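Starting from the structure of chain W, add chain S where the hints point.
Protein chains: 2
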Amino acid sequence: MRVGNGRDRSLLLMNQKEEQKQMALIVQKYGGTSVANVDRIKNVAERVVARKRKGDKLVVVVSALAGTTDQLLKMANSISDRPSGREMDMLLATGEQASVALLAMAIHALGEKAISFTGPQVGIITDESHTKARIIDIGTSRIEKALKENNVVIVAGFQGGTVSGEITTLGRGGSDLTAVALAKAVNAELCEIYTDVEGIYTADPRIVPDAQKLDVISYDEILELASLGAKVMQSRSIEVGKKFNVPILVRSSLNNAQGTLITKENKKMEEVVVSGVALHEGEAKVTIFKVPDRPGTAAKIFKIIAEAGINVDMIIQNKTETNATDISFTVYKNELRRAIDAVEKAACEVGAKNVTCDENIAKVSIVGVGMKSHTGVAAKMFDVLAKNKINIDMISTSEIKISCVVEGDKGKDAMRVMHEAFGLGQGPKKRKKK
Amino acid sequence: MRVGNGRDRSLLLMNQKEEQKQMALIVQKYGGTSVANVDRIKNVAERVVARKRKGDKLVVVVSALAGTTDQLLKMANSISDRPSGREMDMLLATGEQASVALLAMAIHALGEKAISFTGPQVGIITDESHTKARIIDIGTSRIEKALKENNVVIVAGFQGGTVSGEITTLGRGGSDLTAVALAKAVNAELCEIYTDVEGIYTADPRIVPDAQKLDVISYDEILELASLGAKVMQSRSIEVGKKFNVPILVRSSLNNAQGTLITKENKKMEEVVVSGVALHEGEAKVTIFKVPDRPGTAAKIFKIIAEAGINVDMIIQNKTETNATDISFTVYKNELRRAIDAVEKAACEVGAKNVTCDENIAKVSIVGVGMKSHTGVAAKMFDVLAKNKINIDMISTSEIKISCVVEGDKGKDAMRVMHEAFGLGQGPKKRKKK
Numbered sequence: 001m002r003v004g005n006g007r008d009r010s011l012l013l014m015n016q017k018e019e020q021k022q023m024a025l026i027v028q029k030y031g032g033t034s035v036a037n038v039d040r041i042k043n044v045a046e047r048v049v050a051r052k053r054k055g056d057k058l059v060v061v062v063s064a065l066a067g068t069t070d071q072l073l074k075m076a077n078s079i080s081d082r083p084s085g086r087e088m089d090m091l092l093a094t095g096e097q098a099s100v101a102l103l104a105m106a107i108h109a110l111g112e113k114a115i116s117f118t119g120p121q122v123g124i125i126t127d128e129s130h131t132k133a134r135i136i137d138i139g140t141s142r143i144e145k146a147l148k149e150n151n152v153v154i155v156a157g158f159q160g161g162t163v164s165g166e167i168t169t170l171g172r173g174g175s176d177l178t179a180v181a182l183a184k185a186v187n188a189e190l191c192e193i194y195t196d197v198e199g200i201y202t203a204d205p206r207i208v209p210d211a212q213k214l215d216v217i218s219y220d221e222i223l224e225l226a227s228l229g230a231k232v233m234q235s236r237s238i239e240v241g242k243k244f245n246v247p248i249l250v251r252s253s254l255n256n257a258q259g260t261l262i263t264k265e266n267k268k269m270e271e272v273v274v275s276g277v278a279l280h281e282g283e284a285k286v287t288i289f290k291v292p293d294r295p296g297t298a299a300k301i302f303k304i305i306a307e308a309g310i311n312v313d314m315i316i317q318n319k320t321e322t323n324a325t326d327i328s329f330t331v332y333k334n335e336l337r338r339a340i341d342a343v344e345k346a347a348c349e350v351g352a353k354n355v356t357c358d359e360n361i362a363k364v365s366i367v368g369v370g371m372k373s374h375t376g377v378a379a380k381m382f383d384v385l386a387k388n389k390i391n392i393d394m395i396s397t398s399e400i401k402i403s404c405v406v407e408g409d410k411g412k413d414a415m416r417v418m419h420e421a422f423g424l425g426q427g428p429k430k431r432k433k434k
Numbered sequence: 001m002r003v004g005n006g007r008d009r010s011l012l013l014m015n016q017k018e019e020q021k022q023m024a025l026i027v028q029k030y031g032g033t034s035v036a037n038v039d040r041i042k043n044v045a046e047r048v049v050a051r052k053r054k055g056d057k058l059v060v061v062v063s064a065l066a067g068t069t070d071q072l073l074k075m076a077n078s079i080s081d082r083p084s085g086r087e088m089d090m091l092l093a094t095g096e097q098a099s100v101a102l103l104a105m106a107i108h109a110l111g112e113k114a115i116s117f118t119g120p121q122v123g124i125i126t127d128e129s130h131t132k133a134r135i136i137d138i139g140t141s142r143i144e145k146a147l148k149e150n151n152v153v154i155v156a157g158f159q160g161g162t163v164s165g166e167i168t169t170l171g172r173g174g175s176d177l178t179a180v181a182l183a184k185a186v187n188a189e190l191c192e193i194y195t196d197v198e199g200i201y202t203a204d205p206r207i208v209p210d211a212q213k214l215d216v217i218s219y220d221e222i223l224e225l226a227s228l229g230a231k232v233m234q235s236r237s238i239e240v241g242k243k244f245n246v247p248i249l250v251r252s253s254l255n256n257a258q259g260t261l262i263t264k265e266n267k268k269m270e271e272v273v274v275s276g277v278a279l280h281e282g283e284a285k286v287t288i289f290k291v292p293d294r295p296g297t298a299a300k301i302f303k304i305i306a307e308a309g310i311n312v313d314m315i316i317q318n319k320t321e322t323n324a325t326d327i328s329f330t331v332y333k334n335e336l337r338r339a340i341d342a343v344e345k346a347a348c349e350v351g352a353k354n355v356t357c358d359e360n361i362a363k364v365s366i367v368g369v370g371m372k373s374h375t376g377v378a379a380k381m382f383d384v385l386a387k388n389k390i391n392i393d394m395i396s397t398s399e400i401k402i403s404c405v406v407e408g409d410k411g412k413d414a415m416r417v418m419h420e421a422f423g424l425g426q427g428p429k430k431r432k433k434k
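Line by line, the protein sequences give chains W and S. The first sequence: position 1 = 1 (the working numbering), numbered continuously. The second sequence: position 358 = 358 (the working numbering), numbered continuously.
Extracted from the complex, chain W is given alone in its bound form (with noise of 0.2 angstroms):
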């Protein structure tokens, strides 16, 4: 039952106000998890279709169902050790162009138009280098015929062609990458990734219960933390979010919350000196000792790790005698046997010592860009880690974050203390959007 409708009217006035306001060209990305079966699928075309009854137009690059890539990729396995990168990316491709089709049709089944497209068909042009090309342009012609067809535009991600003709993929992460450049080519107003949190939160709720989610964070900062452990979304995007200016906003495919939006450092955001913590189990310490001190050692032996194809993340060198040092670094932990192989190779040439490992490391790391405008952080966080009986093993600082390596069954706890002793774990939210 309706009761005053005058009011009502006004109010209705008001609302189509905001819409009109809001109209805008906005690129959606859902993961695995949020088309991973039929139900999935129809609330995705249910969001979408909502957004677009509000007046805004939408692209949506859509991931392949969760679990079909590991179903292709483990009958890829079974029949080669080493499947053809041009092979592995024709079967994978299969995954998003099944999904689009799915969402298209999902989308019909709620009365909106929709046109599916596969990375080529769409003019995703890469180079060569399969299983992990890079995007080298976008057509956008046919997107905006069919935004102008008044449809809803829907993209496989993760995939492009070259200009010969032959099927990419864009490596892990591929998606969101997919939904940045596109953003970015049809000039959206804003990229929004869709996955199963909420947004980007001060730390992992599940190590840290009170983490708060942050409503905005920069570029550099999420750079860090992706780099430093936090699982939100795939580094390669999040730089050419930076590189094009692109605004994303990271939030659920399952609620409405607001998520975190993801874009330049303002001045705003330096009032807050560390926006997040995370934390880094993966790694493992390698220690050469005895290297003889000698100009042009320390890049053999890095040169003899690299060919071995290690990634190598902190290093520290100590000079213990006149004329020798150790050398420490870290390694991922499941390179960890060839990174050895490798390393005892290059000892032996450089005539060090002896080479140990250690697995059970952490590595907590703080991140803000407020660290450039405050001092005494470091002091702060090496303090906050003694009181708590935490040793540092290794540092590695950047401009915005400070990493510690520590005993691997206290990183947790590190992990904790620095949540609490940088205030980040205080609702109300610390930062806000400007």
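No lab work stands behind these hints: they were computed from the structure. None of the values given here were measured: they were computed from a predicted structure. Some hints here could point you the wrong way.
Copies of the same chain are indistinguishable here, so a pair counts whether it falls within one copy or spans any two.
Computed cross-link-like contacts, SDA-like style, restricted to lysine to any residue with a CA-CA straight-line distance of at most 20 angstroms [what the hints assert, rightly or not]:
1. K113 x D81
2. K303 x Q317
3. K148 x G165
Just chain S, lined up with the frame of chain W:
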């Protein structure tokens, strides 16, 4: 241990000669059951590699893994009652794309070069009729280049692309069509269709245990058999084979049996009167009683039925009284409900008396190019049926086939007595390659 290498060498020379003679460009097609899982894909790869090592150049057309298409269809149907044809094609085309990539990997694993292509990639250009597109052109430059580079060329069956870059599919049996059309386009010596049966039989061996595999059959005969209920290949691909005179060899992917060659008719074939017996139990008979006998009445009735999209097979008109006639015809059982609706409307419009239907019918047919030059075949068929107390309800004939509709539960018996009467069950096979 080798003994008598003089003789060995002469054998070797003979083999080489034979191989040189055999060297040819072959199109092979493997259906969904032939690539149902990883082991079967590996089996196909082994067959292909063995053939390549004999010196043949191979273009291999592959269907989707058995079950994949059904699974995709199920998802689509649970999302939409009437999914758009364009999006269905987008979805279903992924099935073949995955299987060509997997087969290429399996061939690589055996040490041979192979490259996979989607329909659009390889230049299979179709019209815009989604889900049942017709091939209008096939580019061959990419295939020829890949063959020249010593690749096994693997092509996704069932699919093509329009000139405007849309993905299309060719409808049921589309992979056979891809294979036959490609064989014509690249001027292959032979198109081999691999399936889960050993070839084409004189009758369905599940019903007629002593059915014999035919070594050779003409396009026209197989077309009649296909339309009469023998499920071997879709008619469209055989029609294309006939039009362009592409020899088609139907054989099993699970053993090395010789298979059945479908080729153009020759004198030798005519020596055999009947080459096969087919049974179709999927039809029902509809009768309209006392249709006023005026010119144009039948046309009116069948126009209404056609407009309802109902396929009509046999039609018989029997004048029962001066001014009225009874009209009977057969339709597919799965279209019977809709047919009755249309027929009752038509009967009402033309002033007929009433409509009945009979689902308990079966159609038995004998087929053979030899009928052209032999007399008394129909008489023999009717006589044998009568002797076996099988009543004939309707009769229809063409130049190379005679069909009789009999009581439904007598269909299999009718098939068996025909098979015996025309000597089809007596090994050795009645018809040899010339």
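Right, here's what the structure says about each hint:
1. K113 x D81: between (44 angstroms within a copy, 16 angstroms between copies)
2. K303 x Q317: Classified as within; 16 angstroms inside a copy, 91 angstroms across copies.
3. K148 x G165: Between. Shortest inter-copy distance 19 angstroms satisfies the 20 angstroms Cα cut-off; intra-copy 27 angstroms does not.
Of the numbered hints listed earlier, not one is contradicted by the structure.
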